[in-house]
Amino acid sequence: MWLGRKKIGWLASLVLTIPAMPLTPARPGTINYVEGTVSVDGKSVTSKEIGSTDLQTGSVLRTESGKAEVLLTPGVLLRVGKNSEIRMDANGLTDTRVAVNQGVAMLEAGNVQKENHIRISDDKLVANIEKN
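Position one of the sequence shown corresponds to residue 1486 (the working numbering), numbered consecutively onward.
If you are wondering where the hints come from, they were derived from the structure by calculation, not from laboratory data. Take the hints with a grain of salt, since some may be wrong.
[As the list claims (entries may be wrong)] Simulated DEER-style distance windows between Cβ atoms:
hint	residue 1	residue 2	range
1	1588	1542	14 to 22 angstroms
2	1615	1527	28 to 36 angstroms
3	1589	1544	16 to 24 angstroms
4	1568	1606	17 to 25 angstroms
5	1550	1599	25 to 33 angstroms
6	1544	1579	30 to 38 angstroms
7	1616	1527	32 to 40 angstroms
8	1616	1550	13 to 21 angstroms
As the structure is a computational prediction, the values presented were derived from the model and not from experiment. Backbone N, C-alpha and C define an ideal beta-carbon position, used for all residues, glycine too.
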């Protein structure tokens, strides 16, 4: 019995020492990474704003001498290269659409859910990413 109380006391002290994490879930359009000069709708984005800056429908992200990474859906990231520009056309979990206006963007899709419909386009190409 004493050993059981000791384990419970140890577990309680461990839980109390874990720092509180924000409960705000990441949303489509959340900026996960920036390096160098990056702006959203003309406003500069710094590394301090990672995780708290989102691309809304119609928002334009531009990199000059920088790079950025944007969460599209859980497990799906869009990496935007230097001197590039993207526009968020829809930022829903089940309808995520991004236009690459100029430059280079790379999509990493590690976990696409069946209900996710992701579309990346530019003036010549449209890529639909869906799990069948």
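Here's how the hints hold up against the structure:
1. Judged by the Cβ atoms, the range 14 to 22 angstroms given for residue 1588 and residue 1542 holds: they are separated by roughly 21 angstroms.
2. Between residue 1615 and residue 1527 the C-beta distance comes to about 33 angstroms, which sits within the given range of 28 to 36 angstroms.
3. Between residue 1589 and residue 1544 the Cβ separation comes to about 19 angstroms, which falls inside the hinted range of 16 to 24 angstroms.
4. For residue 1568 and residue 1606, the hinted distance range of 17 to 25 angstroms is satisfied, since their beta carbons lie about 19 angstroms from each other.
5. Between residue 1550 and residue 1599 the C-beta distance comes to about 39 angstroms, which lies outside the given range of 25 to 33 angstroms.
6. At roughly 19 angstroms, the beta-carbon separation of residue 1544 and residue 1579 lies outside the given 30 to 38 angstroms, and the hint is violated.
7. Checked against the given bound of 32 to 40 angstroms, the beta carbons of residue 1616 and residue 1527, roughly 36 angstroms apart, stay inside it.
8. Separation of residue 1616 from residue 1550 is about 36 angstroms and departs from the stated range, judged on CB atoms against 13 to 21 angstroms.
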